[in-house]
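J.: Here is how the chains run, residue by residue.
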Amino acid sequence: MNSNEDYRTTALIQASLRKRYARERRFRLYGMLAVLAGFVFLFLLLADIIIKGTPAFTQHYIKVTVDFDRDSLGLPQNFTSEDLARADYGAVIKRSLREMFPDVSIRAEKRRLYRLISIGAEYSLRDMVVADPALVGKKRNIWLLAHSEASSYLKGQVAAATEEAERKVKDVQMRWLNALREEGRTELRFNTTFFLAGDSREPELAGIKAALVGSLYTLLVTFCLAFPIGVMAAIYLEEFAPRNRLTDLIEININNLAAVPSIVFGLLGLAVFINFFELPRSAPLVGGIVLALMTLPTIIITSRAAIQAVPPSIHEAALGVGASKLQTILHHVLPVAMPGILTGSIIGMAQALGETAPLLMIGMVAFIMEVPAGVTDPATVLPVQIFLWADSPERGFTEKTSAAIMVLMAFLIMMNAAAVYLRRRFERK
Amino acid sequence: MASRMENSERMGADKNVTNRTVTDAHSAGSGGSLESLHLNPDARGQETIGSPFVKRAKMSARDVNVFYGEKQAISNISLDIAQNEILAMIGPSGCGKSTFLRTLNRMNDIIPACRVEGKITLDGEDIYQKERDTVLLRARVGMVFQKPNPFPKSIYENVAYGPKIHGLAQNKATMDEIVESSLRRASLFDEVKDQLDKPGTGLSGGQQQRLCIARAIAVSPEIILMDEPCSALDPIATARIEELMNELKENYTIAIVTHSMQQAARVSQRTAYFHLGELIEVGETKEIFTLPQHQLTENYITGRFG
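Keeping their order, the protein sequence lines are chains A and B. If you're matching positions, the first sequence starts at 1 in the working numbering and goes up one per residue. If you're matching positions, the second sequence starts at 1 in the working numbering and goes up one per residue.
Note that these hints are calculated values from the structure, not bench results. Computed from a predicted model, the values in this text were never measured in an experiment. Positions of the beta carbon are idealized from the N, C-alpha and C atoms, including for glycine. Heads up, a few of these hints could be off.
Simulated pairs of lysine to aspartate or glutamate, EDC-like, Cα-Cα distance not exceeding 16 Å [what the hints assert, rightly or not]:
1. B:K249 <-> B:D133
2. A:K138 <-> A:E238
3. A:K139 <-> A:D67
4. A:K138 <-> A:D69
5. B:K147 <-> A:E316
6. B:K198 <-> B:E157
7. A:K63 <-> A:E122
8. A:K325 <-> B:D133
9. A:K168 <-> A:E202
10. B:K193 <-> B:E177
11. A:K94 <-> A:D132
12. A:K168 <-> A:E109
13. B:K198 <-> A:E427
14. B:K153 <-> A:D67
15. A:K325 <-> B:E177
Distance ranges between label pairs, derived from CB positions [said to hold, decoys possible]:
16. B:Q129 <-> A:P228: 33 to 39 Å
17. A:A366 <-> B:D133: 24 to 30 Å
18. A:P311 <-> B:A239: 23 to 29 Å
19. A:L36 <-> B:T201: 56 to 62 Å
20. B:G69 <-> A:R425: 39 to 45 Å
21. B:E243 <-> A:R425: 36 to 42 Å
22. A:L249 <-> B:I111: 39 to 45 Å
23. A:N255 <-> B:Q129: 55 to 61 Å
24. B:R62 <-> A:N255: 42 to 48 Å
25. B:I111 <-> A:Y236: 46 to 52 Å
26. B:R56 <-> A:R243: 54 to 60 Å
27. B:R56 <-> A:L249: 50 to 56 Å
Whole structure, please, built from the sequences with the hints as guidance.
T.: Shown next, in the form of structure tokens:
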């Protein structure tokens with residue numbers, strides 16, 4: 001090859017180089033655009049949820065001068081604590097409100113006035129008086145929980161420009177609320193009810209705790225079943241099982257199970273666990289078992305992949321110094337495969353956390369006010385609670401829905417963080 | 001590769017007419033493909049030249065055949081390994097020397113398709129009898145692999161693992177002693193004594209291989225099998241390992257597979273030459289390298305192929 005030819009080759013390569021580089025730049029640009037699009041959508045979604053959900057974490061209280069008059073409470077002369085628990089606190093609140101706005105006389109207007117205060121205020125008054133019976137016959141300024149509609153107006157969520165007929169908060173209520181605000185009788189407080197109560201028909205009294213605890217129990221059952229069974233199955237199939245038609249069949253079936261729609265698992269749970277084994281309905285126990293069945297294929301498949309990815313040299317090294325098969329697996333293969341196994345498990349658990357369909361079949365859509373105390377108590381889970389609230393007509397539940405989504409995401413992030421922490425610990429070794 | 005093979009066949013045919021394997025494959029005009037030679041039934045029954053048997057045999061193999069599924073990897077190998085000697089196994093790639101080495105501590109058991117026929121004894125006991133325990137066998141016959149493969153754990157744990165699972169150390173002090181003496185015998189201790197808790201995978205290639213040797217000798221095996229232990233190492237690290245093998249010879253019996261003929265010549269007392277699954281020639285290392293009897297051996301050691 002002479003120098004002339006050398007020169008020509010160089011020129012050709014240079015000419016093609018520009019094209020190749022351009023293609024590379026374009027490819028990188030597409031990649032960046034894809035990542036950017038993903039980020040934009042994620043940001044929009046999160047921003048929407050956070051903007052809609054944040055107001056749910058606060059609620060308004062109204063300072064009412066409550067007159068604990070014995071007659072309006074309907075108490076006899078010598079009342080017992082039992083009488084106190086049964087007294088008519090609603091009447092007391094109504095009277096106090098009427099005293100604050102004496103010019104209200106029409107019945108319909110009175111009813112609107114009473115709607116400024118939450119129905120739950122009665123119970124807080126009752127607790128107050130039962131704790132301190134000396135209050136009877138006295139007058140006190142007490143902060144009472146506002147009705148969700150009143151609170152929503154005070155938060156500025158009700159546009160005064162809309163037709164009166166089309167909004168729940170009427171003109172007259174707006175006037176009263178404005179007056180109360182000017183007198184300094186309204187206050188915005190952190191919404192502890194949301195984190196401490198179960199579901200309720202009144203948005204201001206509804207809380208996420210029952211669903212959160214329900215999800216926790218359900219996932220606990222799921223994890224306790226799916227993780228050990230999944231990892232054991234993966235170890236057996238990968239390390240001990242002979243390769244024959246039976247194991248091939250098992251492998252195909254596991255792969256197919258991973259693709260079965262989750263509602264089918266719900267039907268199975270209904271037929272087998274509830275109808276045949278007669279386990280309790282709506283319970284985290286059954287929900288957990290059903291979700292474990294759904295999660296198992298994912299955990300088995302990812303665990304097998306993780307075990308397969310352990311270099312054979314580690315196997316040989318362990319066997320070479322005389323480790324038994326079990327020692328090789330427990331001391332060397334599993335620690336190396338553990339990060340992968342954990343990743344797979346967390347993907348499965350995250351799926352289980354967000355699952356609604358199979359739980360509908362086993363009755364976990366119930367309206368749950370009590371926080372479940374065990375895995376056999378009736379319970380619901382976060383995604384179902386979100387679904388129920390999203391379905392509710394009351395305006396107050398809109399923000400609760402978004403807030404519940406935030407709680408669900410926080411749950412998920414915490415679960416992932418735990419997995420990442422564990423994975424780091426295994427990787428450091 | 002093909003032309004080289006043909007070349008070797010012709011050489012073999014010219015020199016040793018009784019070698020029917022070679023003549024048959026050649027006359028069939030099969031282009032010297034490995035398989036045709038390999039699976040030719042006439043390949044069986046060929047005599048090994050030299051002295052495969054010794055008086056004080058630590059391990060001995062008789063008529064060993066190994067199959068991977070349908071494929072026969074080694075055929076009819078009979079070979080003794082004497083007490084406190086270093087036996088080198090040489091031969092071109094795919095000749096079955098590593099396979100043979102791995103049958104000696106039943107490392108091939110982990111390959112499902114692998115089948116071993118024949119008899120291998122350690123101190124006169126058949127190691128392939130069903131009731132013989134592979135765990136005990138592998139504790140007595142240690143192995144060092146081609147690629148350094150320390151556990152992804154600390155240097156200390158790497159060496160201590162074998163003694164720990166076999167219960168060789170009653171307390172921490174004995175264990176420390178075993179770890180230190182193993183590392184010393186592998187001439188690694190001075191380099192790592194301040195970082196015993198650092199991961200073994202963080203060492204250099206040569207250090208890792210010496211760590212693997214330390215790990216192997218920590219369980220005080222009687223025989224150490226080495227499968228090309230220096231193939232991934234530079235000449236300096238190789239020299240250290242060879243030096244080490246010379247020291248280990250005092251207490252252990254070593255069988256080493258190597259691609260380096262110089263290495264075989266330097267470290268071993270006896271050398272076995274394998275070719276296409278056959279054991280062609282065995283003898284004193286000096287004789288093999290100065291006066292090879294078989295044409296294939298001569299071609300290989302003089303660098304005409306392989």
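J.: Against this structure, judge whether each hint is valid.
T.: Status of each hint after checking the structure:
no. : hint                          : in the structure
1   : B:K249 <-> B:D133             : 26 Å, violated
2   : A:K138 <-> A:E238             : 76 Å, violated
3   : A:K139 <-> A:D67              : 4 Å, holds
4   : A:K138 <-> A:D69              : 7 Å, holds
5   : B:K147 <-> A:E316             : 11 Å, holds
6   : B:K198 <-> B:E157             : 10 Å, holds
7   : A:K63 <-> A:E122              : 14 Å, holds
8   : A:K325 <-> B:D133             : 12 Å, holds
9   : A:K168 <-> A:E202             : 14 Å, holds
10  : B:K193 <-> B:E177             : 13 Å, holds
11  : A:K94 <-> A:D132              : 21 Å, violated
12  : A:K168 <-> A:E109             : 14 Å, holds
13  : B:K198 <-> A:E427             : 14 Å, holds
14  : B:K153 <-> A:D67              : 74 Å, violated
15  : A:K325 <-> B:E177             : 27 Å, violated
16  : B:Q129 <-> A:P228: 33 to 39 Å : 37 Å, holds
17  : A:A366 <-> B:D133: 24 to 30 Å : 59 Å, violated
18  : A:P311 <-> B:A239: 23 to 29 Å : 28 Å, holds
19  : A:L36 <-> B:T201: 56 to 62 Å  : 38 Å, violated
20  : B:G69 <-> A:R425: 39 to 45 Å  : 42 Å, holds
21  : B:E243 <-> A:R425: 36 to 42 Å : 40 Å, holds
22  : A:L249 <-> B:I111: 39 to 45 Å : 24 Å, violated
23  : A:N255 <-> B:Q129: 55 to 61 Å : 40 Å, violated
24  : B:R62 <-> A:N255: 42 to 48 Å  : 47 Å, holds
25  : B:I111 <-> A:Y236: 46 to 52 Å : 19 Å, violated
26  : B:R56 <-> A:R243: 54 to 60 Å  : 42 Å, violated
27  : B:R56 <-> A:L249: 50 to 56 Å  : 54 Å, holds
Violated hints, in rising order: 1, 2, 11, 14, 15, 17, 19, 22, 23, 25, 26; the structure is consistent with all others.
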